[in-house]
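Please model the complete structure; the sequences and the hints are all you need to start from.
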Amino acid sequence: GGGYTHEFLVMYRKKLPGETFQNTSWINHFETQNMKIGGLNNELYEFKTVGRNDFPDDNDVNSRSESSASDVTEGWPLRSTTGIQSVTNPIHKAAWFIILLTIIA
14 GGGYTHEFLV MYRKKLPGET FQNTSWINHF ETQNMKIGGL NNELYEFKTV
64 GRNDFPDDND VNSRSESSAS DVTEGWPLRS TTGIQSVTNP IHKAAWFIIL
114 LTIIA
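Residue numbers for the sequence shown follow this note's numbering, beginning at 14 and rising by one.
The reader is advised that the hints may include incorrect statements.
Stated by the list, open to error - Here are the computed lysine to any residue pairs in the SDA-like style, where the Cα-Cα straight-line distance is at most 25 Å:
(1) Lys27 / Val63
(2) Lys27 / Asn66
(3) Lys28 / Glu44
(4) Lys28 / Asn54
(5) Lys27 / Gly88
(6) Lys28 / Ser78
(7) Lys49 / Leu91
(8) Lys27 / Phe43
(9) Lys49 / Glu59
(10) Lys27 / Trp39
(11) Lys49 / Gln35
(12) Lys61 / Ser80
(13) Lys61 / Ser78
(14) Lys49 / Asp84
(15) Lys27 / Gly51
(16) Lys28 / Trp39
(17) Lys28 / Ser38
(18) Lys61 / Thr86
(19) Lys61 / Gln46
Hints in this document: simulated from the structure, not taken from any laboratory. Just so we're clear, the structure is a prediction, and the values are computed from it rather than from any experiment.
Shown next, in the form of structure tokens:
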């Protein structure tokens with residue numbers, strides 16, 4: 014695979030023993046560079062990001078190339094005036110995006 018990231022998802026879980034990561038849906042990063050996750054409790058969470066593009070994997074022409082999950086980032090939900098928590102990370106500062114650019118270069 015290779016090329017620019019077309020979509021991303023966020024993996025998240027409470028930072029507690031036995032918790033498993035949940036995935037958001039895939040988001041077109043050309044349309045939006047952030048993800049809003051509702052229903053988070055006021056607890057410490059762990060987050061990871063995965064990116065993918067439309068270029069097929071070398072071994073499967075029907076697949077999309079998907080990055081490995083980024084390093085874990087810890088954070089607390091933000092309370093907004095609408096009551097929705099959001100996780101926002103500019104794409105150019107995301108660990109997976111920097112790694113992807115390094116691999117491409």
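So, going through the hints one by one against the coordinates:
no.: 1; hint: Lys27 / Val63; in the structure: holds, 18 Å
no.: 2; hint: Lys27 / Asn66; in the structure: violated, 28 Å
no.: 3; hint: Lys28 / Glu44; in the structure: violated, 30 Å
no.: 4; hint: Lys28 / Asn54; in the structure: holds, 12 Å
no.: 5; hint: Lys27 / Gly88; in the structure: holds, 10 Å
no.: 6; hint: Lys28 / Ser78; in the structure: violated, 29 Å
no.: 7; hint: Lys49 / Leu91; in the structure: holds, 10 Å
no.: 8; hint: Lys27 / Phe43; in the structure: violated, 29 Å
no.: 9; hint: Lys49 / Glu59; in the structure: holds, 15 Å
no.: 10; hint: Lys27 / Trp39; in the structure: holds, 20 Å
no.: 11; hint: Lys49 / Gln35; in the structure: holds, 14 Å
no.: 12; hint: Lys61 / Ser80; in the structure: holds, 11 Å
no.: 13; hint: Lys61 / Ser78; in the structure: holds, 17 Å
no.: 14; hint: Lys49 / Asp84; in the structure: holds, 20 Å
no.: 15; hint: Lys27 / Gly51; in the structure: holds, 14 Å
no.: 16; hint: Lys28 / Trp39; in the structure: holds, 23 Å
no.: 17; hint: Lys28 / Ser38; in the structure: holds, 21 Å
no.: 18; hint: Lys61 / Thr86; in the structure: holds, 6 Å
no.: 19; hint: Lys61 / Gln46; in the structure: holds, 15 Å
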